[in-house]
Amino acid sequence: MTVLSRRAATTQRERMSRAIWLVLLGLLLLVLPRLVYPVLALDILAWGLFAVAFDLLFGFSGLLSFGHAAFWGSSAYATAFLLSHGQSVPVAIVGGLLSALLLAVPIGFLSVRSVGIYFSMITLAFAQMVSFLALQWTAVTGGENGLQGFARPSVLGLDFSNSTTRYYVCLALFAAGFLVAYRMVRSPFGQALQAIRDNEQRAQSIGYNPFRFKFTAFLISAGLAGLSGSMYAFGHGVVSLEVVNWRTSGEVVMMTLLGGTTTLFGPVIGAGLVLLLRDLLTTANLPVGIVTGLVFVLAVLFFRAGLVGTVQHWLRRKSADDDRH
Amino acid sequence: MNTQFLLIQVFNGLVNGAFYALLSLGLAVIFGMLRIVNFMHGALYMLGAFVAFALGQILGLGFWPSLVLAPLLVALLGMALERTLLSRLYGLEPSYNLLLTFGLTLLTQDLVKQVMLSQYAVSSAPYTTPTVLTGVVNLGFVVFPKYRLFVIALALVVCLVTWFVIEKTRVGAIVRASTENPVVTRSLGIDVGKWVTGVFGVGVGLAGLAGVLAAPIYSVEPYMGAELIITTFAVVVIGGMGSILGSIVTGFAVGVLAAVGAAVYPPMANTLVFVLMAVVLLVRPTGLFGLPEGAR
Numbered sequence: 001m002t003v004l005s006r007r008a009a010t011t012q013r014e015r016m017s018r019a020i021w022l023v024l025l026g027l028l029l030l031v032l033p034r035l036v037y038p039v040l041a042l043d044i045l046a047w048g049l050f051a052v053a054f055d056l057l058f059g060f061s062g063l064l065s066f067g068h069a070a071f072w073g074s075s076a077y078a079t080a081f082l083l084s085h086g087q088s089v090p091v092a093i094v095g096g097l098l099s100a101l102l103l104a105v106p107i108g109f110l111s112v113r114s115v116g117i118y119f120s121m122i123t124l125a126f127a128q129m130v131s132f133l134a135l136q137w138t139a140v141t142g143g144e145n146g147l148q149g150f151a152r153p154s155v156l157g158l159d160f161s162n163s164t165t166r167y168y169v170c171l172a173l174f175a176a177g178f179l180v181a182y183r184m185v186r187s188p189f190g191q192a193l194q195a196i197r198d199n200e201q202r203a204q205s206i207g208y209n210p211f212r213f214k215f216t217a218f219l220i221s222a223g224l225a226g227l228s229g230s231m232y233a234f235g236h237g238v239v240s241l242e243v244v245n246w247r248t249s250g251e252v253v254m255m256t257l258l259g260g261t262t263t264l265f266g267p268v269i270g271a272g273l274v275l276l277l278r279d280l281l282t283t284a285n286l287p288v289g290i291v292t293g294l295v296f297v298l299a300v301l302f303f304r305a306g307l308v309g310t311v312q313h314w315l316r317r318k319s320a321d322d323d324r325h
Numbered sequence: 326m327n328t329q330f331l332l333i334q335v336f337n338g339l340v341n342g343a344f345y346a347l348l349s350l351g352l353a354v355i356f357g358m359l360r361i362v363n364f365m366h367g368a369l370y371m372l373g374a375f376v377a378f379a380l381g382q383i384l385g386l387g388f389w390p391s392l393v394l395a396p397l398l399v400a401l402l403g404m405a406l407e408r409t410l411l412s413r414l415y416g417l418e419p420s421y422n423l424l425l426t427f428g429l430t431l432l433t434q435d436l437v438k439q440v441m442l443s444q445y446a447v448s449s450a451p452y453t454t455p456t457v458l459t460g461v462v463n464l465g466f467v468v469f470p471k472y473r474l475f476v477i478a479l480a481l482v483v484c485l486v487t488w489f490v491i492e493k494t495r496v497g498a499i500v501r502a503s504t505e506n507p508v509v510t511r512s513l514g515i516d517v518g519k520w521v522t523g524v525f526g527v528g529v530g531l532a533g534l535a536g537v538l539a540a541p542i543y544s545v546e547p548y549m550g551a552e553l554i555i556t557t558f559a560v561v562v563i564g565g566m567g568s569i570l571g572s573i574v575t576g577f578a579v580g581v582l583a584a585v586g587a588a589v590y591p592p593m594a595n596t597l598v599f600v601l602m603a604v605v606l607l608v609r610p611t612g613l614f615g616l617p618e619g620a621r
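Sequence order for the protein chains is A and B.
Using the numbering used here, the first residue of the first sequence is number 1, and each one after it goes up by one.
Using the numbering used here, the first residue of the second sequence is number 326, and each one after it goes up by one.
One chain only, chain B, in its complex shape (with noise of 0.2 Å):
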């Protein structure tokens, strides 16, 4: 195996990790608020790539205006989602908004199963990449698609900013308040209830977001964002729940050793994340960047 071979899927892993940087970083924002894990993000996510092809089938949109209408679309969708069904279970076990979001995954996948097959006689369909961003960039060491440099650039921007306001804007003080004493922060003035809504609203936009990107390199299908969702798992089990930038790195890093570990060893190209939340659990069982359980 040479070099440029293991280069090369150094950045297919940066683009996976992208994708699991983009979830992870989503499911934890809404975690620190709200203490539930949304099982329903893969399906948002499937819902980003889905929007846009349906923006380009019905009202023509290209790429470009999906990117920013898609994710938009996908958090006013969370937001009334969370107002309407999430926010009745708040008091009880956070278990049941584990299953609640999961039966809303189902029905969500087998809706857009089922639009796609009656509206457009497809059950996946391709997504053109922005002319922009076809071809091919010469790195010097490396030759690596155009679009997939894109697709790790903008996530990588988009999660630092994301990372940026959460800990050093005013705003991003509101919610760490929030999140930390929910009871004290309303008795300042402050309305938890609609920062919660808001919150919840960027995390499922982040995952609207890694669907669109995600549409040209996978195409649109409705259970793209199953298999995805449950690594995401994995990921944010190896990563601990509590860190922002944590969830960001491991995010990146686990997409980059997953890929690397296939080339070395092609049979273990699915397993690999598994393997590694095992060992991760074996030496420390709060994940890497997260607080043990008392602390939190």
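Next up, chain A with everything else stripped away, as it sits in the complex (with noise of 0.2 Å):
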């Protein structure tokens, strides 16, 4: 085989194992709420959207947010609170994924032109400030107490009183969502800003305005966040403090890591297998806290590349394998 053609079989093969996982993640999401109860499914939806979200972010544009909580909090509040008024739930949805773009925009511009260490230090705190604005105005996000038993009125003869239809209504969401990430890594704006991850200056050279990709994404970042956070405070229906916590804004970066990042696919798995742990855990009446710190220790000690990371790395070095006999 020439070089060329061996390049192109390559691609062609990787294009190939890329629609394979599309299809297996399709299925596995396609029968979920038949192999776990309705809620967690529910949630392994919304955390999955959410840690994509956040690898656009950290895999992808190479900045590690850690307040990405304020997005997601600020969507399922807002969400929450429009359903505990009265509006219909795709007004509801809209409004959540409205607000959290909203104060993306400060919070962005005002992160985005730090790197590395201070990056995550400001968005961290810039969470910080909006967890306690959630504590403190109580009018809109109920406190201590927060908001449920909101109304998730019927659409379109949908009765959002069954867990199983929110199921399926969610992933309708999270396939748009994810379909917005997918197109958008593999789009000349995402291959930019990944040109501007491995080496900004080269890129700024080439004529690539930094700041304009890395705020962008981040914008996009935030809106998918904001989805899943709608996601999650309609499906799950009960929005507490605890979706603006700094824990949450930690919980999407080990869910990431667990399933791989950079790798669009490995987020969701992440998402999926950090869940079942905690619910096994819960069940079980293990302390949740010291062994998810403790698989988080040892995720970024010894597995950084992810599972569906270390998997792809095992395939691809097959088949290079088997290319040379």
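Hints in this document: simulated from the structure, not taken from any laboratory.
Hints should not be assumed to be uniformly reliable.
If you want the footprint, here are the derived chain A segments under chain B, 3+ residues with CB under 8 Å [as the list claims (entries may be wrong)]:
# : stretch
1 : 15-24
2 : 188-197
3 : 245-258
4 : 285-297
5 : 300-309
Subject to a maximum C-alpha distance of 25 Å in a straight line, what follows is the list of computed SDA-like cross-link-like pairs (lysine to any residue) [stated by the list, open to error]:
#  : chain 1 : residue 1 : chain 2 : residue 2
6  : B       : Lys493    : B       : Val509
7  : B       : Lys438    : A       : Phe215
8  : B       : Lys438    : B       : Thr459
9  : B       : Lys438    : A       : Arg278
10 : B       : Lys438    : A       : Gln194
11 : B       : Lys438    : A       : Glu144
12 : B       : Lys438    : A       : Gly289
13 : B       : Lys438    : A       : Asn245
14 : B       : Lys438    : A       : Glu242
15 : B       : Lys438    : A       : Leu241
16 : B       : Lys438    : A       : Val297
17 : B       : Lys438    : A       : Leu286
18 : B       : Lys471    : B       : Ala578
For glycine and all other residues, C-beta sits at the position ideal for the given N, C-alpha and C.
Work from the hints to combine the two standalone chains into their complex.
Put into structure tokens, the structure is as follows:
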């Protein structure tokens, strides 16, 4: 084989494997409510999209946001608030998404000019500010009590009191959000973003404005985090201060890392794993924080490629070996 | 609002500022040497308070011996963690060490929570103020608890001594040289790795000390460090990383400013530090004392 044709074969094989992954993930999500109880399945969808949104910044832009709970949480609160004030489900979900976007404009503007650890500290601090505001603004957030028992009036004959119905509605939203992320990282925009991540100065010297790209990526990521937050509020039916807590920001980092950064599918798998583990530990009455903390530490030390990353690596090496024979 | 009340707020602000200063000083020292941000700083602060509490329960030790012993134990633990875990990630992106120390934070907090619940059946425990320091002092213009004045004074002394050692002594020269250029420093026959561990120990020891000092004021609780460390991050961003003296000054100044601001407009009590951070980021993205990115 010539070099060129071999490269073409590799890209074709990669495209094939991507399609296979996509189909597998789709099938898994279609039958998920039969494998675990529906509310847990709903959580996996919402957190999965949340982790994908986070990875757009962490994996694809090189920006470790430690404050993504701000967007997830503000959207969850906005959705719950709109629902409890008699708005319809579509309005509430769009309203949640918009509120996250609105919040992302000032936070993103102030934070994406910084890089590295600085960016992490700034996003964390802003998220903490949002968390304090949520605690104080009881008229909207319900303060310590949170928001619950809000109506979810049926739309187009869909009965939202049924959790399985809610799951499939959320699956459609998830698919839309995932598609946005999928298209984004493969678009020229996404390619330029990754070039900036790998070498900012070089990207700038060939005419890309790093600030504009990173700011746009921040907004898209926050918007998708917002969509997932409203899915969470709609699916879960309860919104408490936990959604804006710093631990929520950390949790999404952990999910992404465990599943595998820059793999797109990985964060979804990671979200599923973490939620299943947490569910298992809670039922077995084991200390959740200690075990998840330990898993986090071990993952950072020894398993940074994550589950999907490791599998992909292994498959790629195998196919390279096959080529040689 | 009268001046009396404002003055009390200034002093309360100095107390908060003392904790910000001790913690951000430790963070700055560690960042200077290791180029990492220690997320665990808040958990080690909590551990300082918890160790003091546990020393009292198990060995019957009071405040004074604990004030020395607890920070030492925290420093030892920190050094062990640096050697065994943190050092594995030095060649990688600094973000990974932030993640590692975040994981260790979750672990530490929940371990302490578990121990407190199982051993002492409490989720938070008060810690008695030493008898010499109970009561109030009349400063002429304001009456203020003795213990809080002690906290301000001790924090100030410890901060200034640390600054002096780093800026003016031979030990400090070695530390600064290792910060500036580890390769050249190593070629001069100095074991930079050992100094890294030592400096990490000092940095987290300061957090442990802050924890012991905080115990009589806030009582001992597994999550006491979590919110404090995030506010301290904001303080670090305001001051800008890279200056030892800057981190001390910013710590105290932000403490006072936030307390006075809270007196003027109470709903802002919790959020003022973050608003300050936003303003500083807008006008001076590298922080008040920070160097421009290229100069580092």
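Hint check:
{"no.": "1", "hint": "15-24", "in the structure": "violated (count 0)"}
{"no.": "2", "hint": "188-197", "in the structure": "violated (count 0)"}
{"no.": "3", "hint": "245-258", "in the structure": "holds (count 6)"}
{"no.": "4", "hint": "285-297", "in the structure": "holds (count 9)"}
{"no.": "5", "hint": "300-309", "in the structure": "holds (count 3)"}
{"no.": "6", "hint": "Lys493(B) x Val509(B)", "in the structure": "holds (21 Å)"}
{"no.": "7", "hint": "Lys438(B) x Phe215(A)", "in the structure": "violated (40 Å)"}
{"no.": "8", "hint": "Lys438(B) x Thr459(B)", "in the structure": "violated (29 Å)"}
{"no.": "9", "hint": "Lys438(B) x Arg278(A)", "in the structure": "holds (18 Å)"}
{"no.": "10", "hint": "Lys438(B) x Gln194(A)", "in the structure": "violated (42 Å)"}
{"no.": "11", "hint": "Lys438(B) x Glu144(A)", "in the structure": "holds (22 Å)"}
{"no.": "12", "hint": "Lys438(B) x Gly289(A)", "in the structure": "holds (10 Å)"}
{"no.": "13", "hint": "Lys438(B) x Asn245(A)", "in the structure": "holds (18 Å)"}
{"no.": "14", "hint": "Lys438(B) x Glu242(A)", "in the structure": "holds (18 Å)"}
{"no.": "15", "hint": "Lys438(B) x Leu241(A)", "in the structure": "holds (20 Å)"}
{"no.": "16", "hint": "Lys438(B) x Val297(A)", "in the structure": "holds (18 Å)"}
{"no.": "17", "hint": "Lys438(B) x Leu286(A)", "in the structure": "holds (13 Å)"}
{"no.": "18", "hint": "Lys471(B) x Ala578(B)", "in the structure": "holds (21 Å)"}
Hint compliance for this structure: hints 1, 2, 7, 8, 10 are broken, all remaining hints hold.
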